[in-house]
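A.B. asks: Sequence:
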Amino acid sequence: MRIALPIGAAGVAAAVVAAFMTTSAGAATGLPEPTVKPAVSTVSQAELHKRVAGAVAGDDTAGQTTSKSSLSASTSSGTVDPKIIGGSTTTISSAPWMAQLWYYDDKGTTDTSDDLGFFCGGSVVSPTKILTAAHCVKGYNWAKYGAVVTGTTTLPDENGNTSGEVMGVVRQWNHPSYSSTTIDNDIAVITLGWPVKATPIKMATSTETAAYTAGTSAKVYGWGRTSSTTQDISDSLKVATLPVQSDSTCAGYYGTDFIKGHMVCAGNPATGSDSGTTSACNGDSGGPLVVNGRIVGVVSWGVKDCVEKGAYSVFSKVKTYVGAAYAQVDDANLSYTDAKADLFVRNASTKTGYEKDSKGTSFGARQSLGNFGAVNLVLQTDFNRDSVQDYVYRVASTGDVYWLHYVFPADPADQGTWAEKQIFDNWKTRTRIVTPGDLTGDYLPDVVSVDSAGKAWLYPGKGNGSFSARVQIGTGTGWNQYNTLRGKGDFNGDGKADLIARNKSTGAIYLYKGTGKASAPFSARVKVRTWSNTTYNAFDAIGDITGDGKADFLARTPGGTLYLYKGTGKATSEIFATRISVGTDFKQYDIFG
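Numbering of the sequence shown is given in the numbering used here, commencing with residue 1094 and proceeding in unit increments.
The hints are simulated quantities; they were obtained by calculation from the structure and are not laboratory data.
Mixed in with the good hints, there may be bad ones.
Listed below are the simulated EDC-like cross-link pairs for lysine to aspartate or glutamate, each with C-alpha atoms no more than 20 Å apart in a straight line [claimed, not checked]:
| # | residue 1 | residue 2 |
| --- | --- | --- |
| 1 | Lys1444 | Asp1493 |
| 2 | Lys1555 | Asp1518 |
| 3 | Lys1444 | Glu1126 |
| 4 | Lys1353 | Glu1301 |
| 5 | Lys1237 | Asp1207 |
| 6 | Lys1555 | Glu1513 |
| 7 | Lys1659 | Asp1450 |
| 8 | Lys1555 | Asp1535 |
| 9 | Lys1312 | Asp1328 |
| 10 | Lys1521 | Asp1683 |
| 11 | Lys1659 | Asp1641 |
| 12 | Lys1143 | Asp1204 |
| 13 | Lys1290 | Asp1535 |
| 14 | Lys1237 | Asp1431 |
| 15 | Lys1555 | Asp1483 |
| 16 | Lys1402 | Asp1350 |
| 17 | Lys1514 | Asp1483 |
| 18 | Lys1548 | Asp1518 |
| 19 | Lys1397 | Asp1350 |
| 20 | Lys1514 | Asp1493 |
| 21 | Lys1143 | Asp1504 |
| 22 | Lys1200 | Glu1140 |
| 23 | Lys1610 | Asp1535 |
| 24 | Lys1452 | Asp1431 |
| 25 | Lys1659 | Asp1431 |
| 26 | Lys1312 | Asp1340 |
| 27 | Lys1143 | Asp1328 |
| 28 | Lys1397 | Asp1277 |
| 29 | Lys1312 | Glu1301 |
| 30 | Lys1200 | Asp1152 |
| 31 | Lys1521 | Asp1493 |
| 32 | Lys1290 | Glu1258 |
| 33 | Lys1231 | Asp1431 |
| 34 | Lys1610 | Glu1301 |
| 35 | Lys1237 | Asp1199 |
| 36 | Lys1143 | Asp1198 |
| 37 | Lys1597 | Asp1683 |
| 38 | Lys1402 | Asp1340 |
| 39 | Lys1680 | Asp1450 |
| 40 | Lys1606 | Glu1667 |
With the hints as constraints, model all of the structure from the sequences given.
C.D. replies: Here it is, written out as C-alpha cells:
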C-alpha cells in the first residue's frame, strides 16, 4: 500500500459495531432508573468505512497539512519530524492492544485536492480508551471525521474493508500544555463510542525507573514506513527492538529540542541510511514503546526520513503523563460527550435526582433524572469501563446496594436501556461507601466501605459488577473518626486513585494516596487542609471536572454555596487551587453523587 506521508492524529467520532453484551434485564420496580439516556453516537458502519477509505487514500500528516507543518522546531542535525521506521513483521496476537487511527475530512467539497486524510497509531488502554500522541489529536474533530480499527494485523484495503473492529469516537482529549512547535507534552486519549474486544495494555506507573534505565530493551510497534526512500507504510504490523538511551545521550544529539523528563529516546544511533538503522518512522506516530508489558513511551518525533546519522527516535515519557492520562482513562461522565466529570444531586424535599453537566468551572442547568426517593446513597463510577457513567445506590429500606449501568443497543440507531444488578446485601450499617476508581492497579474500578466497627474494606472490582474477596485496609478500626470519606480519581497526579477524609472532631482533611496494590491500597495519610463542620457540611468527588487531567473536589457551605476546588496534582496543603463558587442554591440537595 502506498500512502504519501501517513502520520498520526487522533480522534473522537461515533459508535459502531456489535453491542456490548450484558445479562441484566432492567431496573427493578420501585428503584430509580434515570430518565436521561447518554447521547451515544449513531454513526453507521458504512460511514466509518468511508472515513477509513478516504484516509487510506490521503497524503497528509497529523499535526500539519500539505502546505504547512506544525513542527517548526529544528536542530543542528535537521528538521524535527514526527515520524519513525524499521522492524520485523509481527501479528496482532502479540500486541492485541494495537489500534489504527484513520482520519478523513473531504471539506464538504467535490474537489479532492482539499481533502484531509492521515493515519496514526495508538494503544487500547481500556475497552473504550486509546492512548496516542497529541499531535494526532489537537485541532482535529475525530467525532466527525475519524474511525479507529482494532483487532487486526493488517491495514484496510483501498475501500476501507478490514477484518478488525471499526469504531467511531465520542470525545477526545489532548494534554492542555501540548505544543505543536516543540512537540512537548505530546500525549492524548480518545474515547470510543463502543467497547472493543481488544485486550488493553497498562501504562507505566509514575514511580517507574527501571524501564527508563539506559540500555533497557524496549519494543516499538506500528504500521509505519519501512524505508527512508519511500513513503510506503507497512500493510502488516511491525515490531522493532530498541535500547533505551539516557537523557544525556538524547540531549547530546538533539540539544534543547529534547526536553528531559517529558521525553525519552531509544534506538542505536541511525547510520545515515536504511542499512544498519532500526528506528520508528512515518505512520508510527501515537504508537507505543513497550517494556515488560507496559507502555513507557508514545511515538512522538524524530528526524526527517528517520535515518539521519546519529539520530534517535523520541517518545513522550508516559510515567510523566500517567496522572493526566489516567484521569481520561478513568473518565466517565453523565453527559457522555466530553472529558469533564458531571454532577448528580438529589433534592431533599421532592427526592428528584438531577444531572448537572460540567462546563469546566461551572455547571449547566439541571436535568431531571426522575424519582430517587427509595435510596439514601448515590455514587458515580464506571465499573465495566464502557465510558458511560454508572450509578451505585443503596436502598434505604434494605441496605442493599445496586449497580445501575447502561446497556448499548444491538443497533447503534436504537436506544439503549438501563440494567440493574445487586452487588451487596444489607449494607444498612455501613457508615461510608466510596467508589474511588482503580485502587489495585488493574484499571478496574473498586469499592471501599467502612463498617460500624470502624474497619475499612476494599472490594476489588472485576469489571462486570462483581468483586474479588474483600481485603481489610490496614489493621485498625478508626475509620469512623471521619464524617467524610470521598474519592474519585487521582488527586496527587501519580496515576493512582486516592481518598480524601475529614476528621469529624478536628476538621482536619487528609489525603490517602493510592499505591495501586490491593494488599495495602493506601500509603500513610497526609494532612492537606483543615475545614470545620461549620465551614462545609457536604462534599463530593466526581473526578476531573475541569478537564485538565487532575481530580477535583467539591465542598458546600451550610448556607448552600458550592465551591469547586480544582486539583493541582500536589500531595501537600497546595493540593487544591483557590476555590471557585459554582452556585449558591445547593442547600436544597441532600445527596451528592
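A.B. asks: Each hint: holds or not?
C.D. replies: The hints, checked one at a time:
As the CA atoms of lysine 1444 and aspartate 1493 are separated by approximately 19 Å, the hinted pair is consistent with the 20 Å bound. Proximity of lysine 1555 to aspartate 1518 is assessed by CA-CA distance (about 18 Å); at most 20 Å being required, the pair is judged to hold. At most 20 Å may separate the alpha-carbon atoms for a hinted pair to count; lysine 1444 and glutamate 1126 meet this at roughly 13 Å. Only pairs whose Cα atoms come within 20 Å are accepted, and lysine 1353 paired with glutamate 1301 is accepted, the gap being roughly 15 Å.
For the suggested pair lysine 1237 and aspartate 1207, the alpha carbons sit about 17 Å apart, so the restraint of at most 20 Å is met. A hinted pair counts as satisfied when its Cα atoms are at most 20 Å apart, and lysine 1555 with glutamate 1513 qualifies at roughly 16 Å. A distance of roughly 16 Å separates the Cα atoms of lysine 1659 and aspartate 1450; the hinted pair therefore holds under the 20 Å criterion. In summary, the hint linking lysine 1555 to aspartate 1535 is supported, as the alpha carbons are separated by about 9 Å, within the 20 Å threshold.
Taken as a hint, the lysine 1312 and aspartate 1328 pair is honoured in the structure, with Cα atoms around 19 Å apart against an allowance of 20 Å. For the hint pairing lysine 1521 with aspartate 1683, the CA-to-CA distance comes to about 18 Å; that is within 20 Å, so the pair holds. Of the pairs offered as hints, the one joining lysine 1659 and aspartate 1641 holds, with about 9 Å between alpha carbons and a cut-off of 20 Å not exceeded. The hinted pair formed by lysine 1143 and aspartate 1204 meets the criterion: a straight-line CA distance of about 16 Å does not exceed 20 Å.
Taking the CA atoms of lysine 1290 and aspartate 1535, the gap is near 17 Å; set against the 20 Å cutoff, the hint holds. Between the alpha carbons of lysine 1237 and aspartate 1431 the distance comes to roughly 14 Å, so the proposed pair stays at or under 20 Å and holds. At most 20 Å may separate the alpha-carbon atoms for a hinted pair to count; lysine 1555 and aspartate 1483 meet this at roughly 15 Å. A distance of roughly 17 Å separates the Cα atoms of lysine 1402 and aspartate 1350; the hinted pair therefore holds under the 20 Å criterion.
Taken as a hint, the lysine 1514 and aspartate 1483 pair is honoured in the structure, with Cα atoms around 11 Å apart against an allowance of 20 Å. As the CA atoms of lysine 1548 and aspartate 1518 are separated by approximately 18 Å, the hinted pair is consistent with the 20 Å bound. With a CA separation close to 14 Å, the supplied pair lysine 1397 and aspartate 1350 stays within the 20 Å bound. For the suggested pair lysine 1514 and aspartate 1493, the alpha carbons sit about 11 Å apart, so the restraint of at most 20 Å is met.
A threshold of 20 Å between alpha carbons decides the hint, and for lysine 1143 with aspartate 1504 the separation of about 19 Å falls inside it, so the pair holds. Only pairs whose Cα atoms come within 20 Å are accepted, and lysine 1200 paired with glutamate 1140 is accepted, the gap being roughly 15 Å. This hinted pair checks out: lysine 1610 and aspartate 1535 have alpha carbons roughly 9 Å apart, not beyond 20 Å. Between lysine 1452 and aspartate 1431 the CA atoms are separated by roughly 10 Å; this keeps the pair inside 20 Å, and the hint holds.
Using a Cα cut-off of 20 Å, the hinted pair lysine 1659 and aspartate 1431 holds, with the two alpha carbons roughly 18 Å apart. Restraint check: the Cα-Cα separation between lysine 1312 and aspartate 1340 comes to about 18 Å, which is no more than 20 Å; the hinted pair holds. With a C-alpha separation of about 19 Å, the suggested pair lysine 1143 and aspartate 1328 falls inside the 20 Å cut-off, and the hint holds. Proximity of lysine 1397 to aspartate 1277 is assessed by CA-CA distance (about 18 Å); at most 20 Å being required, the pair is judged to hold.
In summary, the hint linking lysine 1312 to glutamate 1301 is supported, as the alpha carbons are separated by about 17 Å, within the 20 Å threshold. The straight-line distance between the Cα atoms of lysine 1200 and aspartate 1152 is roughly 15 Å, inside the 20 Å bound, and the hint therefore holds. At most 20 Å may separate the alpha-carbon atoms for a hinted pair to count; lysine 1521 and aspartate 1493 meet this at roughly 7 Å. For the given pair, lysine 1290 sits about 8 Å from glutamate 1258 by alpha-carbon distance, which is consistent with the 20 Å threshold.
At most 20 Å may separate the alpha-carbon atoms for a hinted pair to count; lysine 1231 and aspartate 1431 meet this at roughly 15 Å. As the CA atoms of lysine 1610 and glutamate 1301 are separated by approximately 15 Å, the hinted pair is consistent with the 20 Å bound. Restraint check: the Cα-Cα separation between lysine 1237 and aspartate 1199 comes to about 11 Å, which is no more than 20 Å; the hinted pair holds. With a C-alpha separation of about 10 Å, the suggested pair lysine 1143 and aspartate 1198 falls inside the 20 Å cut-off, and the hint holds.
The hinted pair formed by lysine 1597 and aspartate 1683 meets the criterion: a straight-line CA distance of about 18 Å does not exceed 20 Å. The hinted pair formed by lysine 1402 and aspartate 1340 meets the criterion: a straight-line CA distance of about 19 Å does not exceed 20 Å. A hinted pair counts as satisfied when its Cα atoms are at most 20 Å apart, and lysine 1680 with aspartate 1450 qualifies at roughly 18 Å. Distance restraint check for lysine 1606 and glutamate 1667: the Cα-Cα separation of roughly 15 Å lies within the 20 Å cut-off, and the hinted pair is therefore satisfied.
Comparing the model with each numbered hint stated earlier shows that all of them hold.
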